[in-house]
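Student: What follows is the residue order along each chain.
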Amino acid sequence: MSGGSRRAATIRRGGPWVAAVLIVAADAYLCVRDPQDLDRLLINAMLALSAFATLHARLLSLASAGFAAIGAYASAILAVKLGLPVFLSIPVAVLLCGAVAMVISLPVLRLKDVYLAICTLGFGEIVRVSIILIPGLTGGSTGANLSTGFTYATMKQTRSWALALTLVAICYLFWSASRSRVGRALRAIRENPEAAETMGIDVVAYKNMAFLASALVAGLAGAFYAHSVGSLDNGDFKFSRAVDILGYAVLGGSGAWFGPVLGAGFLTALPILLRDGLGYGLGFLKDFAQFPNILNGLALMLVIIFAPGGIASAFPRAAEQRGVRRRDLVRPSAPAGAAEAPSRSTGGKGKVLLSVKGLGRSFSGLEALSDLSLDIAEGGIYGLIGPNGAGKTTLINLVSGLVPPSSGKIEWLGREIQGRRAHRIARAGIARTYQNIRLFGGMSVLENVVAGRHIRLRTSLAAAWLRLPSQRREEVEAREEAMGLLDRLGLSELADEDAARLSYGDQRRVEIARALALEPRLLMLDEPAAGMNERETSALGDFIVDLKRQGIAMLVVEHHMDLIMEICDEIVVLDFGRKIAQGAPAAVARDEAVLEAYLGRE
Amino acid sequence: MDFGILADPVFFVQNVVDGLSRGALYSVFAMGFTLIFGVLDILNLAHAATFMWGAFAGWLVMAKASMPLPVGLAAAMLAGAAIALALELIAFRPLRRAGARAGADKLSPMISSIGASLVMVSVAEAVFGVETKRFPDRVLDPKPFLIGGIGGVRISRAQILILAASVILVAVLGFFIRRTRIGKAIRAVAASPRASLLLGIDVNSIIAITFLVGGALAGAAGILVALLTNDIAPGMGGQIELRGLAVVILGGMGNIEGAVLGGFLLGLVETFTIAYLPGGSDVKDAIAFLVIFLILLAKPDGILGKGKAERG
Chain A
1 MSGGSRRAAT
11 IRRGGPWVAA
21 VLIVAADAYL
31 CVRDPQDLDR
41 LLINAMLALS
51 AFATLHARLL
61 SLASAGFAAI
71 GAYASAILAV
81 KLGLPVFLSI
91 PVAVLLCGAV
101 AMVISLPVLR
111 LKDVYLAICT
121 LGFGEIVRVS
131 IILIPGLTGG
141 STGANLSTGF
151 TYATMKQTRS
161 WALALTLVAI
171 CYLFWSASRS
181 RVGRALRAIR
191 ENPEAAETMG
201 IDVVAYKNMA
211 FLASALVAGL
221 AGAFYAHSVG
231 SLDNGDFKFS
241 RAVDILGYAV
251 LGGSGAWFGP
261 VLGAGFLTAL
271 PILLRDGLGY
281 GLGFLKDFAQ
291 FPNILNGLAL
301 MLVIIFAPGG
311 IASAFPRAAE
321 QRGVRRRDLV
331 RPSAPAGAAE
341 APSRSTGGKG
351 KVLLSVKGLG
361 RSFSGLEALS
371 DLSLDIAEGG
381 IYGLIGPNGA
391 GKTTLINLVS
401 GLVPPSSGKI
411 EWLGREIQGR
421 RAHRIARAGI
431 ARTYQNIRLF
441 GGMSVLENVV
451 AGRHIRLRTS
461 LAAAWLRLPS
471 QRREEVEARE
481 EAMGLLDRLG
491 LSELADEDAA
501 RLSYGDQRRV
511 EIARALALEP
521 RLLMLDEPAA
531 GMNERETSAL
541 GDFIVDLKRQ
551 GIAMLVVEHH
561 MDLIMEICDE
571 IVVLDFGRKI
581 AQGAPAAVAR
591 DEAVLEAYLG
601 RE
Chain B
1 MDFGILADPV
11 FFVQNVVDGL
21 SRGALYSVFA
31 MGFTLIFGVL
41 DILNLAHAAT
51 FMWGAFAGWL
61 VMAKASMPLP
71 VGLAAAMLAG
81 AAIALALELI
91 AFRPLRRAGA
101 RAGADKLSPM
111 ISSIGASLVM
121 VSVAEAVFGV
131 ETKRFPDRVL
141 DPKPFLIGGI
151 GGVRISRAQI
161 LILAASVILV
171 AVLGFFIRRT
181 RIGKAIRAVA
191 ASPRASLLLG
201 IDVNSIIAIT
211 FLVGGALAGA
221 AGILVALLTN
231 DIAPGMGGQI
241 ELRGLAVVIL
251 GGMGNIEGAV
261 LGGFLLGLVE
271 TFTIAYLPGG
281 SDVKDAIAFL
291 VIFLILLAKP
301 DGILGKGKAE
311 RG
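Chains A and B, in that order, give the protein sequences.
Each residue of the first sequence is one higher than the last, beginning at 1 in our numbering.
Each residue of the second sequence is one higher than the last, beginning at 1 in our numbering.
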């Protein structure tokens, strides 16, 4: 390696740390100069974390300013009008925010991207209008003056300490959650919600949780703001404030919790420093009241265009668990999953797992699948073939719960499961891979597979926060098992790579490993050999047969006919959404209808 | 409470007139909004800031340079078009290029437009100040026409102008989109940018033209609102933004005819709420949100959401 590229690597690794230190130093300078700025800084960091909570779960919510307003006014009213002690008024106000969040999350979180943003923008406006409409309590449009003990100068230090400790506590909660199963699930949702759902992650529940966390943290920041400033004006929480908050989180990056804290530190300090500190040369900026807003707006645009990952992305995979990498594993190549499943006889088929009856699905009048019936038994390998558009992927989507059927039934172990949400179907023991690969792109290969074990892990949020030994043990075990799976698929060398950077064939194998991590009883493989060369394909065939010996049933969609003929016990042929043949490979290969569908009538 | 007004036909007609002219403004604003959404499938949250700059451009030309009204309208539309084009080049196109590399995502353009909007409003505040600007009387004689003599229905010159202008704009846009080559290309890109590209349509140029047209509509709406309310300020976009969103959702995202109808509907509903509901003027600001909320409650993907999802 030449000296130049080594220097470049050093800059790449060291640069972000220097930047982070510079931001912290600038903020420290600010606080020493004017203690009032300390409060502002801490509150902004808290608000940034509130926006982060939603962005991290891929929700563009603009509700943080609204929740901060509720927290601020509620706490102020409780303390001033009802005489509640300040230290009690804050938690009560925060709980109120939580209650409001739970009520509005029911309808609002069903919405997608754009609509969620619009609705939360409307929510902020509603809060603002409501505040104006009840002037008796809030001071209406003129604002509320509140002098509680907490706002007096003598209390300033106590207040700043309380604020700082609260922020540290919140950071701890974010940090510990992000290193647990909970954080991994959220990252999976951010990278690919659909795949996360079919890995058994309850996307809706996690999004609800993220929204609630965001509301609670925003309410807390608002309440502290009220007692720090001493007077409230509903202009404090107008739309541009919501944009500021979004700016902190976007600049900081939605990847890791410390990003938004740094983002808030940067965007709070920069305008002040430019205006005052460096103001000798830029004296005209002193009277330029819009300067901070312009800076915020520009930062928002520049970051989203040129560095969409924000500051956090300069610290690669900082959020992921370190220290339990391969070198720390007790048994690096333990055969995972395999050991647990009792091996069954390879010959005759077991009991029926999945039974599809008269299943149909039409998309705006076009029948993608109609009247399909099929039984899948334990330990059987079922090939699903047919020309493009025959309905093969549709069947997998229907069984995995991503698409509800238009007609017919899907029974799993005798119970009807059609219409269930995908994560519940995954929990029942049905896993799948995707024709167009859906890995969790920003995560390492190992993390991808561990994410697949989500439903087999027990750690709750509380356990993650307490960092209980049981939780750590579970994490280590999950990693061991994931490593075992990667080993079996010949991927262990790639465990630390970013999943999105692997070759096509390797990505397919990672998807299979991730699906197996769920310990499924039925595995549906959608074109697993696409993009693989002959040698890889035949290795995959051996692997699939090996899985069959563990008793896993498989439904394989594939265009490599050699593979299908070799491994399948039974082949189902679809054409235009209908089953045209079913039977042993040799019989299907001779079937008139099949030949016609594939080769056309002569 | 005075129930007499409920039966008063003059009062009723007066509210229809006021509601229609209010609605015409919403329609013109929302048309540009929904046009850009339909083509790009993203929300341009800087549309309201474009609208505000259009109002200021018209005000500068008419109040400061004493130009006649048609020149003011043209200036507002030009300014709106130029700003919207700049937005496309600075805030959206680079993201599309980046999106081609890493998977496209709908949040980034929206965030980018929020940043652009903040810059535009702040620059306006820095240049013009935050306080309200007004037209001198010579620009628009504030004396209304009376239909049916004293005590009859009052129509201001601004209202006549707004209704006439909006009808013309709707007709011209309709013709442009339905009949012209470029209009057809715009519809093709809205349906599928990829397929359009394969068919040899210069997608980037078409998107730029869409922004020009949408921006011109925003600018027109800006100067028309300014003439009606005689109130021009950097914050004026905030008032209409939420209403515009409501109209766009009401009419179906990307649906121009829907936006026109939705605009008139919202204008009428708001006006009648103020007129006939006690405390209506406090409630009217909430109507737009209520519309958004109720529609999305029933159809979480938006009115046209389903069709769009299945197309892909």
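You may find that some hints are simply not true.
Said to hold, decoys possible - In the DSS-like style, the derived pairs of lysine-lysine whose C-alpha atoms are separated by at most 25 Å in a straight line are:
#1 Lys156(A) to Lys81(A)
#2 Lys112(A) to Lys238(A)
#3 Lys409(A) to Lys357(A)
#4 Lys143(B) to Lys112(A)
#5 Lys351(A) to Lys112(A)
#6 Lys357(A) to Lys579(A)
#7 Lys351(A) to Lys579(A)
#8 Lys112(A) to Lys299(B)
#9 Lys156(A) to Lys409(A)
#10 Lys143(B) to Lys133(B)
#11 Lys299(B) to Lys238(A)
#12 Lys143(B) to Lys238(A)
It is worth saying that the hints were derived from the structure and are not from the lab.
Student: Now, for every hint given, state plainly whether the structure supports it.
Tutor: Here's how the hints hold up against the structure:
1. Lys156(A) to Lys81(A): With Cα atoms ~22 Å apart, lysine 156(A) and lysine 81(A) stay inside 25 Å; holds.
2. Lys112(A) to Lys238(A): 24 Å, holds
3. Lys409(A) to Lys357(A): 5 Å, holds
4. Lys143(B) to Lys112(A): 48 Å, violated
5. Lys351(A) to Lys112(A): Cα-Cα ~41 Å, so violated.
6. Lys357(A) to Lys579(A): 12 Å, holds
7. Lys351(A) to Lys579(A): It holds: about 22 Å lies between the C-alpha atoms, which stays within 25 Å.
8. Lys112(A) to Lys299(B): Holds. Lysine 112(A) to lysine 299(B) sits at ~11 Å (cutoff 25 Å).
9. Lys156(A) to Lys409(A): 66 Å, violated
10. Lys143(B) to Lys133(B): 20 Å, holds
11. Lys299(B) to Lys238(A): 28 Å, violated
12. Lys143(B) to Lys238(A): 36 Å, violated
In terms of the numbered hints stated before, the structure departs from hints 4, 5, 9, 11, 12, listed from lowest to highest.
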